[in-house]
Amino acid sequence: MASRSEVDDLSREECERLLASQNLGRIAIIVDGRPQIFPVNYVLEDEVVVFRTSWGLKLERSPLTPVAFETDMVDTAAGEAWSVVLEGTAQDITEAIDTRSVSLRQLAVEPAAPGDRPYWMGVYVREMSGRRFRFPR
Amino acid sequence: MRITTFIRQKEATAAPHETLHQVAARMRSVGLSCMPVVRDEGLVALITERDLVKAMAISARPGEATVADYMRTGSISVEPFDEASVALLRMLAIGCLDLPVVNERRLIGMVSARELLAAQAVVHGIAV
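Protein sequences, first through last, are from chains A and B.
Under my numbering, the first residue of the first sequence carries the number 642, and numbering increases by one thereafter.
Under my numbering, the first residue of the second sequence carries the number 627, and numbering increases by one thereafter.
Next comes chain A alone, as it looks inside the complex:
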């Protein structure tokens, strides 16, 4: 197990780089006062996490509310792991006509799960942090 001194806090720039390197993360939202978490495929674009969804809790409950988002990676061969966590505000950009939303809807966001996901969501990042540590292979 890594000691505390072996855990590195990541810079904002490094967090953004790592976040942009992945396409699967987890979004946490509050539903009726209780936290719920959902895996989503995403693209990071200029501090906005963009994902697509079907009709359901993410679309109904998250717009204009604070949400959390996490992604991570464990490289067992290299003996290294990292995670990035962010907090932000979600927006349903499916029909939004501001230029930023229109641009975000052009991104190649490809959900891996089967089923139609016609709704577009953006999470506007407020704070971001990350940690990396090494472990014995």
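Honestly, I wouldn't trust all of these hints.
Said to hold, decoys possible - In silico EDC-like links for lysine to aspartate or glutamate, alpha-carbon gap of 16 Å or less: (1) LYS636(B) - GLU705(B); (2) LYS680(B) - GLU768(A); (3) LYS680(B) - GLU686(A); (4) LYS680(B) - GLU688(A).
Worth flagging that the hints you see were computed from the coordinates, not collected in a lab.
Model the placement of chain B on the given structure of chain A, informed by the hints.
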């Protein structure tokens, strides 16, 4: 085509002193893309969904930040006898799908891009 017949009664408004979170919750509940900011029944500004999201991302204290800190002014409304095209172009410029309607600066209602576009489609014989 003038907007007169498409004006909906005002559903919800914001006050300059309200917090971003208060207004975000109300905007969610009424399903508007923007909220007229009103003082003494007069329209003083507009705050859009995008303005709110952006403000909550950059504000040092989003729980305390007020609408007055992030609301927008300028060409943010139309009058009852304006053409629908004027309202639609104004919404496009602002980036929202609803727009306040005023009579001598007093807020009297809102118009929706969806309703105006649907009516325009009928006028021009376009199936939607």
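Evaluated hints:
{"no.": "1", "hint": "LYS636(B) - GLU705(B)", "result": "14 Å, holds"}
{"no.": "2", "hint": "LYS680(B) - GLU768(A)", "result": "13 Å, holds"}
{"no.": "3", "hint": "LYS680(B) - GLU686(A)", "result": "14 Å, holds"}
{"no.": "4", "hint": "LYS680(B) - GLU688(A)", "result": "11 Å, holds"}
Checked against the numbered hints listed earlier, the structure breaks none of them; every hint is satisfied.
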